[in-house]
Amino acid sequence: GAGVSQSPSNKVTEKGKDVELRCDPISGHTALYWYRQSLGQGLEFLIYFQGNSAPDKSGLPSDRFSAERTGGSVSTLTIQRTQQEDSAVYLCASRLAVFNEQFFGPGTRLTVL
Amino acid sequence: KNEVEQSPQNLTAQEGEFITINCSYSVGISALHWLQQHPGGGIVSLFMLSSGKKKHGRLIATINIQEKHSSLHITASHPRDSAVYICAALCQNTGNQFYFGTGTSLTVIP
Numbered sequence: 043g044a045g046v047s048q049s050p051s052n053k054v055t056e057k058g059k060d061v062e063l064r065c066d067p068i069s070g071h072t073a074l075y076w077y078r079q080s081l082g083q084g085l086e087f088l089i090y091f092q093g094n095s096a097p098d099k100s101g102l103p104s105d106r107f108s109a110e111r112t113g114g115s116v117s118t119l120t121i122q123r124t125q126q127e128d129s130a131v132y133l134c135a136s137r138l139a140v141f142n143e144q145f146f147g148p149g150t151r152l153t154v155l
Numbered sequence: 009k010n011e012v013e014q015s016p017q018n019l020t021a022q023e024g025e026f027i028t029i030n031c032s033y034s035v036g037i038s039a040l041h042w043l044q045q046h047p048g049g050g051i052v053s054l055f056m057l058s059s060g061k062k063k064h065g066r067l068i069a070t071i072n073i074q075e076k077h078s079s080l081h082i083t084a085s086h087p088r089d090s091a092v093y094i095c096a097a098l099c100q101n102t103g104n105q106f107y108f109g110t111g112t113s114l115t116v117i118p
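Chains as they are written, first to last, in the numbering used here: chain A, 43 to 155; chain B, 9 to 118.
Rather than coming from a laboratory, the hints here were simulated on the basis of the structure. Where hints are given, some of them may not hold.
Here are some, though not all, of the chain A residues that point toward chain B, as calculated from beta-carbon distances under 10 Å [stated by the list, open to error]:
1. S49
2. K53
3. Y77
4. E86
5. V131
6. F141
7. N142
8. P148
9. T153
In silico lysine to any residue, SDA-like type, Cα no more than 20 Å apart, as pairs [said to hold, decoys possible]:
10. B/K63 with A/E143
11. A/K99 with B/K76
12. B/K61 with A/F141
13. B/K61 with A/E143
14. B/K76 with B/P47
Virtual Cβ for every residue (Gly too), placed ideally from N, Cα, C.
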């Protein structure tokens, strides 16, 4: 079985443009997380989806960030009007259920010029 | 103060040495997750434990719930163990959110 996949692997954009990052979790995994890792920094929680429950958006840094998860599977993280401080690696992780380990995707490296 | 603290921040060891990485947390947790981040950036799950000890190959993870402390041990270290090791505490209150340590960067010299 395939692991968590993310696309694109790299994205370079100009300040002010919108970007969409995609995550395909492991099939059957009900929980999905988005994290951000800035250069030399630790992982920063952004948003969490669990089944059909309302997502936990408490980590989103501003209203320019949003995410959705369609059909309980694929998730898209959207950043509107990108800023240079949005440059980071965006990581997605999924897990089967509560108390299970997370499996991480390879990440999308976003560079905002 | 971070909810999860790791030590040391950086560690250099000679090949073959026994290595210990420590993780302390201040929140109530349901479980603790140890992760390995390779130089290329990929993150691999090592252990998830809520009590006692787990062993996989040369890696051993222990947790003491009363002392709010976990350790990751690597026996007979090898240069391929060079990576950043991250502990993440699964928050008991939310059951969903992980608090991450800032990582321990390990370099094993041949």
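Is the shortest C-beta separation between A/T153 and chain B less than 10 Å?
-> 14 Å, violated
Could you grab the alpha-carbon distance between A/K99 and B/K76 and see if it respects the 20 Å cut-off?
-> 27 Å, violated
Hint check: 10 Å Cβ-Cβ cutoff, A/F141 to chain B = 6 Å, holds
B/K61 paired with A/F141 [C-alpha distance capped at 20 Å] | Holds - the C-alpha atoms of A/F141 and B/K61 are around 16 Å apart, at most 20 Å.
Would the stated hint for A/Y77 survive a check requiring a Cβ distance to chain B of less than 10 Å?
-> This interface hint holds because 8 Å falls under the 10 Å limit.
Interface restraint verdict for A/P148 against chain B (beta-carbon cut-off 10 Å) = 6 Å, holds
Hint consistency between B/K76 and B/P47 [alpha-carbon to alpha-carbon, up to 20 Å] | Cα-Cα ~29 Å, so violated.
Quick one, are B/K61 and A/E143 close enough, alpha carbons at most 20 Å?
-> Given that 20 Å is the threshold and the Cα spacing comes to 16 Å, the pair holds.
Restraint satisfaction for A/E86 [CB to CB of chain B, less than 10 Å] = This interface hint holds because 8 Å falls under the 10 Å limit.
Classify the hint on A/S49 as holds or violated, based on whether any CB of chain B lies nearer than 10 Å to its CB.
-> 15 Å, violated
Using Cβ atoms only, decide whether A/K53 comes closer than 10 Å to chain B, and label the hint accordingly.
-> With a minimum Cβ separation of about 15 Å from chain B (threshold 10 Å), the hint on A/K53 is violated.
For the hint on A/V131, just tell me whether its beta-carbon gets within less than 10 Å of chain B.
-> 6 Å, holds
The structure is inconsistent with the numbered hints 1, 2, 9, 11 and 14, although it conforms to all the rest.
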